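K.L.:
The listed protein sequences correspond, in order, to chains A and B.
Sequential numbering from 1 applies to the first sequence in the working numbering.
Sequential numbering from 1 applies to the second sequence in the working numbering.
Keep in mind that a hint or two might mislead.
[Stated by the list, open to error] Listed next, the in silico DSS-like pairs over lysine-lysine satisfying Cα-Cα at most 30 Å (straight line):
#1 A:Lys48 - B:Lys157
#2 B:Lys174 - B:Lys231
#3 A:Lys34 - A:Lys48
#4 B:Lys116 - A:Lys48
#5 B:Lys116 - B:Lys174
#6 B:Lys157 - B:Lys174
#7 B:Lys157 - A:Lys34
#8 A:Lys34 - B:Lys231
[Stated by the list, open to error] Facing chain A, from chain B, some residues (calculated, C-beta under 8 Å):
#9 Gly51
#10 Pro117
#11 Gly120
#12 Lys174
#13 Met239
[Said to hold, decoys possible] Here are the in silico distance ranges between beta carbons for each label pair:
#14 A:Trp11 - B:Leu133: 54 to 60 Å
#15 A:Thr20 - B:Gly240: 39 to 45 Å
#16 B:Asp43 - A:Arg36: 37 to 43 Å
#17 A:Met1 - B:Gln6: 48 to 54 Å
Since the hints were derived computationally from the structure, they do not count as laboratory data.
Everything numeric in this text was worked out from a predicted model, so none of it was measured.
Where a beta carbon is used, it is the ideal one built from N, C-alpha and C, also for glycine.
Below are the chains, spelled out letter by letter.
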Amino acid sequence: MDMGPHAAFIWLSYAVVTVTVIGLILWLLADGWKQRAELAALERQGVKRRSSH
Amino acid sequence: MQTLTQRLANPTRFMELSARVLPWVTAASAILLVYGLYLAFLDSPPDYQQGETVRIMYIHVPCAWLSMMIYGLIALSSFGLLVFRHPLADVSAKAAAPLGAAFTFLALVTGSLWGKPMWGTYWVWDARLTSVLLLFFLYLGLIALRSALEDEGAAAKLTAVLALVGVTLLPIIKFSVNWWNTLHQPSTDFTSTVDPSMRLPLLVMALAFTLMFFAMHLKAMRNEILRRRVKALRTQAVMGRDRLAPQAAE
Numbered sequence: 001m002d003m004g005p006h007a008a009f010i011w012l013s014y015a016v017v018t019v020t021v022i023g024l025i026l027w028l029l030a031d032g033w034k035q036r037a038e039l040a041a042l043e044r045q046g047v048k049r050r051s052s053h
Numbered sequence: 001m002q003t004l005t006q007r008l009a010n011p012t013r014f015m016e017l018s019a020r021v022l023p024w025v026t027a028a029s030a031i032l033l034v035y036g037l038y039l040a041f042l043d044s045p046p047d048y049q050q051g052e053t054v055r056i057m058y059i060h061v062p063c064a065w066l067s068m069m070i071y072g073l074i075a076l077s078s079f080g081l082l083v084f085r086h087p088l089a090d091v092s093a094k095a096a097a098p099l100g101a102a103f104t105f106l107a108l109v110t111g112s113l114w115g116k117p118m119w120g121t122y123w124v125w126d127a128r129l130t131s132v133l134l135l136f137f138l139y140l141g142l143i144a145l146r147s148a149l150e151d152e153g154a155a156a157k158l159t160a161v162l163a164l165v166g167v168t169l170l171p172i173i174k175f176s177v178n179w180w181n182t183l184h185q186p187s188t189d190f191t192s193t194v195d196p197s198m199r200l201p202l203l204v205m206a207l208a209f210t211l212m213f214f215a216m217h218l219k220a221m222r223n224e225i226l227r228r229r230v231k232a233l234r235t236q237a238v239m240g241r242d243r244l245a246p247q248a249a250e
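Okay, chain B solo, but in the shape it has when bound:
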């Protein structure tokens, strides 16, 4: 019996399945986003310490969560490429990198815009902020390395190795607030440290952003598969011309 990843190993089958799934994931994400924004602005109180600024948390926390989750997905895809040679693993890793960079950028910017009124500064070189900045540079490094190499196979393998080396950054980011004395507050424990009136909007927004990412990732993977088909067809056309040229000259 085939596993789901084996069934999805065929790009044509993936294109068929993703075409059916994508509208539903997009719609679910949009509905949750509207509901989340309603909760964030109209149905949740200001925080007793942060005041209205707590509303930045409803977008900052989902972006920060995605910045790490997307990197985890890239590392998993890279492992799938290097160990199992799964045909879609590299497509997944390549498609996720720009999205991960964008959400990490948003986590940094929204955190900075929250930090100014709350901490009195946009930036401090504490362990959490600095490690997330390194994650952002790592995403840029993955994108740059891939585009610097012409051989797509070599680019895929080298990028996968870099992604797997870089995955060591994830526990550093996650536990930086526990290991070092940082200005950034400890990790959010949804069951005890967040008041229920703020927990619901935070969870709904986190779910909405996660689904939004999966919709974007599916779309980016579909685009990448089409790009590879275009490239293969161009190569096929050139080879066909090269084969016909000597015959025409005879």
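Here chain A stands alone, though its shape is the one from the complex:
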């Protein structure tokens, strides 16, 4: 795929967007796993939400 004389600018743009979007997705997934693990740990200790009693 020949992107002409400005190929570096085009590929760099797509690379920055790809890396940032993947970074956001990984951050969101990791945060979700962390919160679920902490919630599960608290529930294992016997601390339950009042609404779930």
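Position chain B relative to chain A; hints supplied.
P.N.:
Quick look at chain B alone, frame taken from chain A:
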């Protein structure tokens, strides 16, 4: 009869509904993104003036659109918090801020990488570029203000006030290219100023990015609700210990 926002006011109900919706929004976004990239690289011609560099527009325009739309969503959520005290309004505003900052950053970087070959410079202090840079700083300000305050209720209200004050920046960004003589080209009119061969990839990419944001926002809101549950449980556990301690000492 309850409105949708009233039905979603219950975080547990929101968690149930978002768990069902999230995979579909994610899948739709991924499919559109693949189709959009195919159109952007393999099924659209180079521009008669910009050449191949026009392909940067297929990611720059969606990021620029999201940078403003996300701020609009934060302002709407802030209004919902301050006026209606909607329980999920602050969750929505807090979850959207880092995403808005990221897409504004991408709009600035991709615009800059397009500007160098087209304008001969990465940056000029013209009204559009400068106002978008201010929007980026405003996002950072919202995130910083919230994390600087320990009291979550006070942080939510102050951040909401700042978000509503900052919303005045949106019309300035939108109309800056009309009000002032800028290097940045006027707003894109999809019906007349874009050739149909480039209009389709641009619209598909804009829709893909919008759906991608909504998927990320739903996920970030779910994470925030879980974080608040963890915090509430910790407080509950500490209070329980405090209540039991005097009894044990007797």
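K.L.:
Does each hint hold? Answer for all of them.
P.N.:
Structure-based check of all given hints:
no.	hint	verdict
1	A:Lys48 - B:Lys157	holds, 29 Å
2	B:Lys174 - B:Lys231	violated, 40 Å
3	A:Lys34 - A:Lys48	holds, 18 Å
4	B:Lys116 - A:Lys48	violated, 57 Å
5	B:Lys116 - B:Lys174	holds, 23 Å
6	B:Lys157 - B:Lys174	holds, 27 Å
7	B:Lys157 - A:Lys34	holds, 27 Å
8	A:Lys34 - B:Lys231	holds, 13 Å
9	Gly51	holds, 5 Å
10	Pro117	holds, 4 Å
11	Gly120	violated, 12 Å
12	Lys174	violated, 23 Å
13	Met239	violated, 10 Å
14	A:Trp11 - B:Leu133: 54 to 60 Å	violated, 24 Å
15	A:Thr20 - B:Gly240: 39 to 45 Å	holds, 43 Å
16	B:Asp43 - A:Arg36: 37 to 43 Å	holds, 41 Å
17	A:Met1 - B:Gln6: 48 to 54 Å	holds, 51 Å
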